[in-house]
Amino acid sequence: MSIKYPLIRAVFLLITFFITGCTAMKYEPIPLVKYVDLERFMGAWYVIAHIPSYPEKNAFNAIERYELNDDGTIATTFTFNEGGFEGKFKTLTPVGFITDEESNAVWGMQFIWPIKADYRIAYVDDNYTETVIAREKRDYVWIMTRTPEIDGVNYNKLINFVESLGYDKSLIRKVPQKIN
71 MSIKYPLIRA
81 VFLLITFFIT
91 GCTAMKYEPI
101 PLVKYVDLER
111 FMGAWYVIAH
121 IPSYPEKNAF
131 NAIERYELND
141 DGTIATTFTF
151 NEGGFEGKFK
161 TLTPVGFITD
171 EESNAVWGMQ
181 FIWPIKADYR
191 IAYVDDNYTE
201 TVIAREKRDY
211 VWIMTRTPEI
221 DGVNYNKLIN
231 FVESLGYDKS
241 LIRKVPQKIN
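If you want our numbering, it's the position in the sequence shown, counting the first as 1, plus 70.
Mixed in with the good hints there might be a few duds.
Once the Cα atoms are required to be at most 35 Å apart in a straight line, the calculated DSBU-like pairs of lysine-lysine come out as [as the list claims (entries may be wrong)]:
#1 K104 / K248
#2 K127 / K248
#3 K127 / K158
#4 K127 / K160
#5 K207 / K160
#6 K127 / K186
#7 K158 / K104
#8 K227 / K104
Pair by pair, the computed Cβ-Cβ distance ranges are [said to hold, decoys possible]:
#9 D141 / V223: 19 to 29 Å
#10 P184 / P246: 28 to 38 Å
#11 E152 / D238: 21 to 31 Å
#12 N197 / E137: 16 to 26 Å
#13 D107 / F231: 12 to 22 Å
#14 N230 / T163: 25 to 35 Å
#15 W183 / I249: 18 to 28 Å
#16 I182 / L108: 21 to 31 Å
#17 L138 / T161: 12 to 22 Å
#18 P246 / T147: 14 to 24 Å
#19 I249 / K158: 38 to 48 Å
Everything labelled a hint here was simulated from the structure, so no lab data went into it.
Where a beta carbon is used, it is the ideal one built from N, C-alpha and C, also for glycine.
Sequences and hints are given; from them, build the entire structure.
Here is the structure:
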């Protein structure tokens, strides 16, 4: 008798996990910008706020730089200080691959071969000075600008835009930027 109840409990838990997984919240696809002019998008972007991935969870002075390679890939350099303005300087160098050449707004970002992370340009202003990079899973997001500062009105506009995509804005971390 004692074996029967743990077995029933285990089967019940498996069924519960299966049902929960099948009914997990589904989102509409991330809306994309119509077209990204890659030449204008290249260059340095300051990460103003994000729902960070693990390596960047304590990033200060975070800057992402893009350079278009001759083969159409995007050399990416992400730099930051870990844990504080004087923290250890870190550099990540993933390679971007354009996966939607009609809009240039969907990239695969490869940190480790052969895995390419979902990277979607959901917003870029007309002057290419502000952008929002999102993911279909709504697990990470990056708000970036061409300067290390953003005024409160634009910051709130971008936070509200991110929330409209289905993100929990309470998870967004403002990235400290020290202006030299």
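Hints, one by one, checked against the model:
1. K104 / K248: With Cα atoms ~33 Å apart, K104 and K248 stay inside 35 Å; holds.
2. K127 / K248: holds, 17 Å
3. K127 / K158: holds, 14 Å
4. K127 / K160: holds, 12 Å
5. K207 / K160: holds, 26 Å
6. K127 / K186: Distance ~20 Å between K127 and K186 Cα, so the pair holds.
7. K158 / K104: Violated, because 38 Å separates the two Cα atoms, which is more than 35 Å.
8. K227 / K104: holds, 20 Å
9. D141 / V223: 19 to 29 Å: The hinted range 19 to 29 Å is violated for D141 and V223, with Cβ atoms some 40 Å apart.
10. P184 / P246: 28 to 38 Å: holds, 34 Å
11. E152 / D238: 21 to 31 Å: Distance hint for E152, D238 holds at roughly 25 Å.
12. N197 / E137: 16 to 26 Å: holds, 20 Å
13. D107 / F231: 12 to 22 Å: holds, 20 Å
14. N230 / T163: 25 to 35 Å: The hinted range 25 to 35 Å holds for N230 and T163, with Cβ atoms some 32 Å apart.
15. W183 / I249: 18 to 28 Å: violated, 37 Å
16. I182 / L108: 21 to 31 Å: At 24 Å between Cβs, range holds.
17. L138 / T161: 12 to 22 Å: Holds: the Cβ-Cβ distance is about 19 Å, inside 12 to 22 Å.
18. P246 / T147: 14 to 24 Å: Distance hint for P246, T147 holds at roughly 20 Å.
19. I249 / K158: 38 to 48 Å: violated, 21 Å
Hint compliance for this structure: hints 7, 9, 15 and 19 are broken, all remaining hints hold.
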